[in-house]
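Engineer: The residues making up each chain are set out below.
Protein chains: 2
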Amino acid sequence: MLRVGFIGLGIMGLPMAKNLLKAGFEMVLFNRTRSKAAALQEMGAVVANTPADVAGLCDVVITIVTDTPDVETILLGENGILEGGHSKLIVVDMSTISPIATQKFATTLAEKGIKLLDAPVSGGDIGAQKGTLTIMVGGDKAAYETCLPIFQVLGKRITHVGPSGSGQMVKMCNQILCAVNMLAVCESLSLAKKTGLDLEAMLNVVIAGAGGSWALENLGTKIVKGELEPAFMIKLIQKDLRLVLETAQKNQLPIPATALAHQFFAALEATGEGELGTQAMIKVYERLANFKMNG
Amino acid sequence: MLRVGFIGLGIMGLPMAKNLLKAGFEMVLFNRTRSKAAALQEMGAVVANTPADVAGLCDVVITIVTDTPDVETILLGENGILEGGHSKLIVVDMSTISPIATQKFATTLAEKGIKLLDAPVSGGDIGAQKGTLTIMVGGDKAAYETCLPIFQVLGKRITHVGPSGSGQMVKMCNQILCAVNMLAVCESLSLAKKTGLDLEAMLNVVIAGAGGSWALENLGTKIVKGELEPAFMIKLIQKDLRLVLETAQKNQLPIPATALAHQFFAALEATGEGELGTQAMIKVYERLANFKMNG
Chain A
31 MLRVGFIGLG IMGLPMAKNL LKAGFEMVLF NRTRSKAAAL QEMGAVVANT PADVAGLCDV
91 VITIVTDTPD VETILLGENG ILEGGHSKLI VVDMSTISPI ATQKFATTLA EKGIKLLDAP
151 VSGGDIGAQK GTLTIMVGGD KAAYETCLPI FQVLGKRITH VGPSGSGQMV KMCNQILCAV
211 NMLAVCESLS LAKKTGLDLE AMLNVVIAGA GGSWALENLG TKIVKGELEP AFMIKLIQKD
271 LRLVLETAQK NQLPIPATAL AHQFFAALEA TGEGELGTQA MIKVYERLAN FKMNG
Chain B
31 MLRVGFIGLG IMGLPMAKNL LKAGFEMVLF NRTRSKAAAL QEMGAVVANT PADVAGLCDV
91 VITIVTDTPD VETILLGENG ILEGGHSKLI VVDMSTISPI ATQKFATTLA EKGIKLLDAP
151 VSGGDIGAQK GTLTIMVGGD KAAYETCLPI FQVLGKRITH VGPSGSGQMV KMCNQILCAV
211 NMLAVCESLS LAKKTGLDLE AMLNVVIAGA GGSWALENLG TKIVKGELEP AFMIKLIQKD
271 LRLVLETAQK NQLPIPATAL AHQFFAALEA TGEGELGTQA MIKVYERLAN FKMNG
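The listed protein sequences correspond, in order, to chains A and B. Using this note's numbering, read the first sequence as starting at 31 and increasing by one per residue. Using this note's numbering, read the second sequence as starting at 31 and increasing by one per residue.
If we strip away everything but chain A, and leave its shape as in the complex, we get (with noise of 0.2 angstroms):
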């Protein structure tokens, strides 16, 4: 069985870590708040001082970490991955992250023989605790199959997408249609707030039917509700769509419904509201027209 290293204990990694210990994979474990491995390392995984010795001590690397510098010092930086990998390790970074830095990342750790797959997520803390993520994968094929019974213990729809990047571009795309729908679940639901409907009635009616989206029926119910806690956290999408409009400037594409998406979310965050969750868009509306959802 594959020993698999770990860095990064987040909301994500956590519950990402304890299901592969559980699955029985030995693991070896990095964190810079060394303490929130305490819990895993009663479970048996050993804990490593850094990402070189993880390196060196595992067969795969799984690297889950807020931003492109992060996984940049962890791959490149001093007592970093480079410097511990041996020529057949396989390095999987499933954190959100810019797809050309993947490329660039993935060329220098070639020159050791090291293999960088690019593997971000969907679905969430909940789906990282269910071990029910989608998982979008770009890089070697055959790195890839080496991998496949990690990826199977983390996630439920696993696809391997084209070459190196293509994971963090695939990602991309999703993170737009998360930003978009949840334009189209807020200027709905003002809008039959605003004309005194029944919103459990009028949900019940559109979710099923062509205007229906994973965001309405998930997002839109907690908007009725009151319930502004993240699934996903503003600020965190606020990171990915700034990737988003770069990559799309880069490609002379403008996407101007996700520039709107962006700009409100960005209100959110002028306000102190960053942590709440993507669907306190509707805050926004609130404000510009005038009204309370609730109450």
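There may be inaccurate statements among the hints.
Same chains, same names: a pair is fine if it fits in one copy or spans any two.
Straight-line C-alpha distance at most 35 angstroms; calculated DSBU-like pairs for lysine-lysine [stated by the list, open to error]:
#  : residue 1 : residue 2
1  : 66        : 265
2  : 48        : 280
3  : 322       : 265
4  : 224       : 280
5  : 186       : 171
6  : 118       : 313
7  : 134       : 186
8  : 48        : 224
9  : 171       : 118
10 : 269       : 52
11 : 255       : 186
12 : 52        : 224
13 : 255       : 118
14 : 186       : 160
Just so you know, these hints were derived from the structure itself, not from any lab. These numbers come from a predicted model, not from an experiment.
Let chain A serve as the given structure and place chain B on it in line with the hints.
Structural biologist: Then chain B, alone, in the frame of chain A:
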């Protein structure tokens, strides 16, 4: 069994009337273009000379025509339903028209004891043919219950959503979702194409995740195949979006994403493409960013 009148044998009305005949209802028809009634006449339907005649002969009269003025003429015009109707008549308007006009029509008809339900549908011509429409009904609850056996022949998801005009309002909310979800689909697929992703692999991943929607699954797939024939025609959603924007404005609600979708559809009307399906919105992005989805 109820004797059912039916006015408006268009792309939606004709298969709906046929389904009611097959289900055993006695039917009386009226259509401006009389020849369209011929096939149904052979199946046993009676063809009347005016809407007033239909109203005099039936318990329930269904109307399904294009726009608010058409409904007004049928209901309140010369030889119309008000003129020929009796005090126990129920009129079911299944067109998509102004919710405010609907409320006025209901008030006028009520002077003669006639009840008006607004019962717009979602699900397109295929839903009409298969009897799987979603039907959202506003108006008197007892009249709704009387008509339920009719609705159950025509559709699958049938909901009484509130007082007169509510059915039309829910339909407006539905059209917001359809229009803005299409922006999401087009921006996502445009980025995928511009960055060289395998579009089928990309769709396969994102359809099942948090970015998923009816629009993505049904119309995104058509875009990738280059199929732009109408499931729902641009010039018809434009009529609905004009009602949506007017209703939002009267309620002092800005809906910028819906307005953007409306403008992009207007661009396609300007190039003579208003009879394509709503998924032809992708052409706007192709022109803006100088690329082709296919080839």
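Engineer: Each of the hints needs a verdict: does it hold here or not?
Structural biologist: Status of each hint after checking the structure:
Proximity of residue 66 and residue 265 under a CA criterion of 35 angstroms is satisfied intra-copy only: 22 angstroms inside one chain copy versus 57 angstroms between copies. When the C-alpha separation of residue 48 and residue 280 is checked against a cutoff of 35 angstroms, the pair qualifies neither within a copy, at 38 angstroms, nor between copies, at 54 angstroms. Within a single copy, residue 322 and residue 265 get their C-alpha atoms as close as 23 angstroms, and across copies as close as 34 angstroms, so both meet the 35 angstroms cut-off. Only between protomers do residue 224 and residue 280 lie at most 35 angstroms apart by alpha-carbon distance; the minimum there is 10 angstroms, versus 40 angstroms within a single protomer.
Taking the shortest alpha-carbon separations for residue 186 and residue 171, only the intra-copy value of 19 angstroms comes in at or below 35 angstroms, while the best inter-copy value is 45 angstroms. Proximity of residue 118 to residue 313 under the C-alpha cut-off of 35 angstroms is found in neither arrangement, the shortest distances being 50 angstroms within a copy and 46 angstroms between copies. For a Cα distance limit of 35 angstroms, the shortest separation of residue 134 from residue 186 inside one copy, 29 angstroms, qualifies, whereas the shortest one across copies, 53 angstroms, does not. In this assembly of identical chains, the alpha carbons of residue 48 and residue 224 never lie at most 35 angstroms apart, being 46 angstroms within a copy and 38 angstroms across copies at closest.
For a Cα distance limit of 35 angstroms, the shortest separation of residue 171 from residue 118 inside one copy, 15 angstroms, qualifies, whereas the shortest one across copies, 70 angstroms, does not. For the homomeric pair residue 269 and residue 52, the shortest alpha-carbon distance inside one copy (32 angstroms) is at most 35 angstroms, but the shortest distance between copies (56 angstroms) is not. Taking the closest pair of Cα atoms, residue 255 and residue 186 come within 35 angstroms of each other both inside a single copy (29 angstroms) and across two copies (27 angstroms). When the C-alpha separation of residue 52 and residue 224 is checked against a cutoff of 35 angstroms, the pair qualifies neither within a copy, at 50 angstroms, nor between copies, at 41 angstroms.
Taking identical chains as interchangeable, the C-alpha atoms of residue 255 and residue 118 are never at most 35 angstroms apart, the minima being 51 angstroms within one chain and 40 angstroms between chains. Proximity of residue 186 and residue 160 under a CA criterion of 35 angstroms is satisfied in both settings, with 10 angstroms inside one chain copy and 33 angstroms between copies.
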